[in-house]
Amino acid sequence: MTALPKSTDKKLGLVIDLDTCVGCHACVTACKGWNTQNYGAPLSDMDPYGKPEGTFLNRIHAFQSQPETGLAQTTHFPKSCLHCDDAPCVTVCPTGASYKRAEDGIVLVNEDACMGCGLCAWACPYGAREIDQAQGVMKKCTLCVDRIYNENLPEVDRQPACVRTCPAGARHFGDLADPTSDVSILVAERGGMDLMPEQGTAPVNKYLPPRPKDQIQAPVMGGDEDILAPYLAPVAEEPKGLLAWVDRALEKL
Amino acid sequence: MHPAPSVIIFSSLSGAGFGLLFFLGLGMPAPSGWVAFVFYVIAYALAVGGLLSAFFHLANPKNAVKSYSQWRTSWLSREAWAAVAALVVMGLYAFGQVFLGTTWTALGWLGAALSIGTVFTTSMIYAQLKTIPRWNQLPATPLMFLSCSLAGGALLSGNVTLAVVLLLVAGGVTLWHWSAGDTRFAEAGSTLNTATGLKGKMGLWEKPHTGENYLTREMVYQVARKHAVKLRVIAIALMSLLPALLILVLPTHIGAVLAVISHIAGILTQRWLFFAEAEHVVGLYYGAHLGKAAA
Numbered sequence: 001m002t003a004l005p006k007s008t009d010k011k012l013g014l015v016i017d018l019d020t021c022v023g024c025h026a027c028v029t030a031c032k033g034w035n036t037q038n039y040g041a042p043l044s045d046m047d048p049y050g051k052p053e054g055t056f057l058n059r060i061h062a063f064q065s066q067p068e069t070g071l072a073q074t075t076h077f078p079k080s081c082l083h084c085d086d087a088p089c090v091t092v093c094p095t096g097a098s099y100k101r102a103e104d105g106i107v108l109v110n111e112d113a114c115m116g117c118g119l120c121a122w123a124c125p126y127g128a129r130e131i132d133q134a135q136g137v138m139k140k141c142t143l144c145v146d147r148i149y150n151e152n153l154p155e156v157d158r159q160p161a162c163v164r165t166c167p168a169g170a171r172h173f174g175d176l177a178d179p180t181s182d183v184s185i186l187v188a189e190r191g192g193m194d195l196m197p198e199q200g201t202a203p204v205n206k207y208l209p210p211r212p213k214d215q216i217q218a219p220v221m222g223g224d225e226d227i228l229a230p231y232l233a234p235v236a237e238e239p240k241g242l243l244a245w246v247d248r249a250l251e252k253l
Numbered sequence: 001m002h003p004a005p006s007v008i009i010f011s012s013l014s015g016a017g018f019g020l021l022f023f024l025g026l027g028m029p030a031p032s033g034w035v036a037f038v039f040y041v042i043a044y045a046l047a048v049g050g051l052l053s054a055f056f057h058l059a060n061p062k063n064a065v066k067s068y069s070q071w072r073t074s075w076l077s078r079e080a081w082a083a084v085a086a087l088v089v090m091g092l093y094a095f096g097q098v099f100l101g102t103t104w105t106a107l108g109w110l111g112a113a114l115s116i117g118t119v120f121t122t123s124m125i126y127a128q129l130k131t132i133p134r135w136n137q138l139p140a141t142p143l144m145f146l147s148c149s150l151a152g153g154a155l156l157s158g159n160v161t162l163a164v165v166l167l168l169v170a171g172g173v174t175l176w177h178w179s180a181g182d183t184r185f186a187e188a189g190s191t192l193n194t195a196t197g198l199k200g201k202m203g204l205w206e207k208p209h210t211g212e213n214y215l216t217r218e219m220v221y222q223v224a225r226k227h228a229v230k231l232r233v234i235a236i237a238l239m240s241l242l243p244a245l246l247i248l249v250l251p252t253h254i255g256a257v258l259a260v261i262s263h264i265a266g267i268l269t270q271r272w273l274f275f276a277e278a279e280h281v282v283g284l285y286y287g288a289h290l291g292k293a294a295a
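Protein chains in written order, with the working numbering: chain A, 1 to 253; chain B, 1 to 295.
These are calculated hints, taken from the structure and not from any lab test. Just so you know, these numbers come straight off a predicted model, no measurement behind them. Just so you know, not all the hints are guaranteed correct.
Quick partial rundown of chain B residues pointing at chain A, CB under 7 angstroms, derived from the structure [claimed, not checked]:
hint	residue
1	Q70
2	L76
3	E206
By construction, the Cβ of each residue, glycine as well, lies at the ideal position given by its N, Cα and C atoms.
Model the full structure from these sequences, guided by the hints.
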C-alpha cells in the first residue's frame, strides 16, 4: 500500500559529512558493485564502450561556493535516497510498488509490481530514483537492506556498502529516531541539515556542513600585494677573500 | 521535462475524446443509429488511442494492471479507474443510442461526469508535483486541462456557439497558466543553496559523470526553449483563435474539419510547451539556474 506509515519505529538513514568527503567515488563503486550482484535487478550500463551511461543509486556532485568574506571552497557532495518521512515518491505510485517500511523507515521498490511509469522519479526532488534502462524498473537506494540485517555477514559488514567502504569516514549509518545513537549525536553536535527543506519531504538522511576554513597565519589581503616579492629579491652579495681577488683579477684581464 | 511524444499525444487526444464523450453524455447532441455510431467511433478512437499511447510510455507495461490498486493515494491510479469507468458507462449509453435508438439520460450524465473527471485526474497527476513548480499550480493546471478538453469536445460535438466561447476561454486560461507559471520556480524557493545547504554564491564545479543519465535526459531537458515565445503564439493561434474563426465564417463540415485539425495541432503544441518549459528542481544539482559567471 502506498499510503505512508503514520510513524516508523526506527528511522534508519545516513549522515554524510561534507567536511570530510574527499570526492573519491569509492562509495559509488561499492554501491554499484553490491547492488548489481545482490538484491533485485542489476544496475545496468548502457553502451559502456561508446557513449556510456548507467544506473547508479548514489552519485557524487562537486560544488564551489564563494562566501561573502573569505576564500572560496569546493565541496564534494554525495547524493542518494534520503528515505524521507514524508516521501512524495511513495504516495504517487499507482501500482503499490513503492513503499516505506513501518519498522525501520526504509523506502523500497517492489520490482515485481513496478510498471516503469517513472512518476515517482518525477516526484522526488533529489534525483534519487532512476529507471534501469535494461530492466525497465525503478531503482533506488535500499540502504543495503540485504546487508544490514544479514546474519551471514560478519557483524562489521552489516552496514550499507557505501558506509563500509568510505576511506575518509565521511558516511555514517544509524537510527536517527534514537536521540542517543551515534548518528543523532553527530547531527546535534555538527548542525546536521536537511536538503531542500522547502519541499516538505522531511528527509531522514542528514548532511553535516563543511567546517569553517582555518584562518591561522592567513594575512588580511588587500588585493594589491605582490606575494612573490620577498622570494624574488637578489641573493648574491659582494664576494670576499679569495673569491674577491679572483673576481678583481678576472675583471682586469 | 523531456517532452515525450507518447504523453503529449495521450493528454491531447484523450482530452478531446473525453470532452466529446462529456457532451454526448449530456445529450448535446443526442444522436441515434449511424450518426451516433460515427460520433462514438471518433470519441473512442481519440480517448482510447490516447490511453494506448500512454501505455507504450511505460518501461515495464506487463505490470500495468496493478495500477488499479492504489487509488487511495495515487492520482495516476485514480485516472486509470476514471478512464475505465467512463469508457464502460459511455459504452452502455452509446449502445442504447446506436442500436436501440433510446437515450438513457441519467446514465449519460453519469458518463459525462466520469469523462470530465478523467481529465481532472490527468491534470492532478501533474498539478500535485511540488518538484515541478510550473505544473504545481492550483487551480490553473487543472483548469487548463479541463478548459482545453471542453473546448475540443464542444468543437467535435458541433455545439458551435458554445465551442467559440470555450475555445476562447481555453486560450485565456492557457495564457494565465503560462504567465503565472513563468514565476513559479522562483516562488517555490528552491535554489542550489537550499538544495545543498551550502552558503554563498555557488557554482557547479564537477558533475557526477561525464555523460548523460536517466535524470538529465528525463528531467533536465534544456533544448529549444529559445523558441518558446514563438511557439506560444502558434499554440494560441492554432488551438483557440483560428478554429473559433473557422467555425464562425465557414459553418460547414469542411470548416468544422479544418477547425478540429487546427485545434488539435494547437493543443499538441501547447502540450509540448507544457513539458519542455517545465523545470524540475533536481536540475539545480546539475547546474540549472546558475549564472554563467558562477559556473
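Taking the hints in turn, this is what the structure says about them:
1. The beta carbon of Q70(B) comes within 5 angstroms of a beta carbon in chain A, closer than 7 angstroms, and the hint placing it at the interface holds.
2. Residue-level restraint check for L76(B) holds (minimum Cβ-Cβ distance to chain A is 4 angstroms; threshold 7 angstroms).
3. Taken as an interface hint, E206(B) checks out: its beta carbon lies about 4 angstroms from the nearest beta carbon of chain A, inside 7 angstroms.
The earlier numbered hints are all upheld by this structure, with none contradicted.
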